[in-house]
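Visitor: The lines below spell out each chain.
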Amino acid sequence: MSRSTPLRPKRWTFGRITRLLVLSAGAMIMLAPFIWGFSASLKPPAEIWSGSILLWPETFYGIENYTQALTRAPLWLFLINGVLVCIGILFFQVLFAVPCAYALSKTRFAGRTAIFAMVLIGLLIPIHVTAIPLYIAFANLGLLNTYTALIAPFAISVFGIFLFRQFFAAIPDELIAAARVDGFSEWTIVWRVVLPAAWPAVTAFAIFSVTSHWNDLFWPFIVIQSTELAPPPLGVLYFRRDESGVDFGPMMAATMIVTAPLVVAFLLAQRRFIDGITLSGLKG
Amino acid sequence: MADANFAPMLAGAHRARAFGATLSGWGLALPATILMLAMILIPTLVAMLLAVTDYQLGARSIQYIGLGNFAELLNDRVFWRAFNNTLIYTLMTVPTAVLLGLGVALLIEADAFGRGFFRTVYFLPVTALLVAMATVWEFILHSDLGLVNQLLARVFGISGPDWLSDPNHVLSSLAFIFVWQQTGYNMILFLAGLKAIPSDLYSAAKVDGADRAIDRFLMVTWPALGPTMLFVVLITTLYSFRVFDTVAALTQGGPANASNVLLYNIYREGFVYFRTGFASAMTMIFLALILLVALIQIHSFERKEKRS
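Going down the list, the sequences are from chains E and X.
With the first letter of the first sequence counted as 1, position 194 gets the number 194 in UniProt numbering; the numbers rise by one all the way through.
With the first letter of the second sequence counted as 1, position 151 gets the number 151 in UniProt numbering; the numbers rise by one all the way through.
With the rest of the complex left out, here is chain E (with noise of 0.2 Å):
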């Protein structure tokens, strides 16, 4: 546990050493896929029909895999409906959780009890569990099979009012106080004074959102049928489908091309990134 002796290189001891070796016999598999993935990707399909275990192809076959994989599926589409997706759920959510979670930890009015109760119940609630009375009323609506199908049912983010309110509830009064003897409305304080205030929360939540919902299969699975619409997840699928598992190299592009983006993300970003999506351990 010591960290006193920067300047001295410390001996190697069995125990270290032990420890290098574990972790990095854990973090070969942790890597495994990405690494192997990649390779299948630039290998011909006679160097992965023999069942080669060469990191680097003989061959080099990567552009011809990458430009298969692009053509046979609108993979950018699938990158792109992901963002749009995703951009709109999170504009929504913040738009209605910020002056929601605002009202309940700076306003005192008759009903705030209850609409945090509503907001309570609504976190034990997933996707899941409302799917099938959703569905029927998109079906209904005759929104089946369009982005609103994809963003609407989670334009409302509980879990971002929980968030919050909970950061709101630190700011101080008298700021707010302040703000409202200047005249301001509570919608102006709300996104001109408390928002700004609330920066790092919402910064973690908009990683959360996004990683959740970029990832998210079950629910465009169920309202999206048409390929042009799919975020990258459904894409990856409707790939599959296609290629029913002949063609390899061209899939492995694939997946590494959707991989890619949240990756590099969070290769850029790893604090924020590891603060956002632990969020959601809050949110179970």
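Derived from the structure by calculation, the hints contain no laboratory data.
Watch out, some of these pointers could steer you wrong.
To be verified - Heads up, simulated DSS-like pairs for lysine-lysine below, C-alpha to C-alpha not over 30 Å straight-line:
hint : chain 1 : residue 1 : chain 2 : residue 2
1    : X       : K206      : X       : K304
2    : E       : K10       : X       : K195
3    : X       : K195      : X       : K304
4    : X       : K206      : X       : K195
5    : X       : K206      : E       : K10
Mind docking chain X on chain E? Use the hints.
Guide: Relative to chain E, chain X alone:
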């Protein structure tokens, strides 16, 4: 806040202000409240109601059948298979992902060398698109071409099983993929828990004669990690109950329902066969499982509150 001795005149003004506050409070909360009702609470209620009907999507009639769906569930072998598979899957994943997460966190904290690197590597799967990475795992686990069976054959001369098509292995293979992704997540939660342990506890333990690392672990780390441990166990359990993506992508519940799980069965009954009422009844079972976990969480949280 309100002073009872104030003149009635002021009371009127007070009421007006309270009314104004209620109005603006509701104004701020109203959009969210409407959406909560429309997207979460009313649909949940409707799902409960549908569970006691024979409704099939698109049908013109709907009839109240009481607990008929639940009675049918009791005798539905596919449902039981999915239910049991979900529990078996959870029993496989939770201890593994929790203990591995803890082990990795302890190892990473034990020494400064490579700390940041390993933390990044172990967390990487959490950020990966599960459906895509499951596709790569499927390739790695492929019966002939896969890296695993190739290595088994070349190094040990064993011919490995067909991991994702053999009914005896499919569920554990899916559990493995889950553990692969969940370990890094749990590691981060444990790292946070470890950081919160005051270091003088370790010095005190040393004074008390805990010389070996294992003694310090048993005397300080393990008890101090108690709340984190419970939390990680419950979270991992919840996520295990929700297993869907890997099943939908890799096995579609097969072979012969060997990897069918609750959510996938709900999907199939509700959105493929359109047996809406029946699927809703199954959803209630799923909800009951989730609420059970939540109850444990709330209960333990309240106990902790009382103690502190």
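Visitor: Run every hint past the structure and note whether it holds.
Guide: Outcome of the hint check:
no.	hint	in the structure
1	X:K206 / X:K304	27 Å, holds
2	E:K10 / X:K195	23 Å, holds
3	X:K195 / X:K304	20 Å, holds
4	X:K206 / X:K195	18 Å, holds
5	X:K206 / E:K10	21 Å, holds
When each numbered hint is compared with the structure, no violation occurs for any of them.
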